[in-house]
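Let the hints inform the model, and build the full structure from the sequences given.
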Amino acid sequence: GNSVTQMEGPVTLSEEAFLTINCTYTATGYPSLFWYVQYPGEGLQLLLKATKADDKGSNKGFEATYRKETTSFHLEKGSVQVSDSAVYFCALRNSGYALNFGKGTSLLVTP
Amino acid sequence: NAGVMQNPRHLVRRRGQEARLRCSPMKGHSHVYWYRQLPEEGLKFMVYLQKENIIDESGMPKERFSAEFPKEGPSILRIQQVVRGDSAAYFCASSPPATGRDEQYFGPGTRLTVT
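First to last, the sequence lines map onto chains A and D. Residue 1 is where the first sequence starts when you use the working numbering, and the numbers rise one by one after that. Residue 1 is where the second sequence starts when you use the working numbering, and the numbers rise one by one after that.
The hints are simulated quantities; they were obtained by calculation from the structure and are not laboratory data. Warning: the hint list may mix true and false statements.
[Said to hold, decoys possible] Chain D stretches covered by chain A per the calculated footprint, using a threshold of three residues with CB under 8 Å from any CB of chain A:
(1) 43-49
(2) 52-61
(3) 73-79
(4) 105-114
Built from N, CA and C at the ideal position, the CB exists for glycine as well.
In structure tokens form, the structure reads like this:
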């Protein structure tokens with residue numbers, strides 16, 4: 001079946017540090033891959049997505065590249081800000097309607 | 001353009017009572033999805049509905065849970081005779097017909113606590 005594994009949190013970084021949140025997936029075929037972000041008290045927001053191998057999704061300084069050979073979709077940002085503190089979810093969608101989510105990684109950025 | 005609305009945001013029920021969770025999709029969206037997030041878990045798909053139709057309910061527990069999306073009004077997720085294990089955050093998402101399933105926009109969730 002389809003599944004997503006992402007690194008355990010919480011992740012604590014100082015402002016302007018480099019961020020990597022690892023995400024690997026298991027799926028048959030060619031799923032679409034997503035990163036969602038959830039700020040405190042809010043719903044999930046789509047951060048970026050990639051629909052085929054070697055695609056790079058990017059938004060607000062965040063990037064992730066769809067690596068089929070390593071079944072990975074790691075999230076990166078070169079310089080985090082306090083306002084990036086949130087929970088980040090990696091997800092995939094295969095042939096059906098459902099999004100399959102990882103457990104989420106909490107990020108705390110300190111000044 | 002208002003986002004996906006869910007109410008109530010917090011709901012407390014005693015064991016055996018009924019819980020009704022409401023979801024109003026974004027304007028122009030006719031597809032609704034419900035997900036459940038148990039403590040320390042990722043979101044799990046429950047059901048996908050279009051107006052007046054259940055398209056996929058493969059993630060719904062077989063008993064006590066039901067969902068509807070009437071022609072008029074919000075989508076409702078109904079849980080009868082709640083048990084402690086139903087305590088979770090329930091998220092609704094919607095998408096427009098044109099982009100289909102990839103672009104799902106989420107509401108803030110309803111946090112259900114069963115005492």
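Next item on the list: Count the residues of the stretch 52-61 of chain D whose CB lies closer than 8 Å to any CB of chain A, then report whether that count reaches three.
Entry: holds (count 4)
Note to self: How does the stretch 105-114 of chain D fare against chain A when you require at least three residues with a CB closer than 8 Å, holds or violated?
What the structure shows: holds (count 5)
Next item on the list: Examine the stretch 73-79 of chain D for residues whose CB is less than 8 Å from any CB of chain A, and state whether their number is three or more.
Entry: Check failed, 0 qualifying residues.
Item checked: chain A covers the stretch 43-49 of chain D, three or more CB atoms within 8 Å, holds or violated -> holds (count 4)
The structure is inconsistent with hint 3 alone, although it conforms to all the rest.
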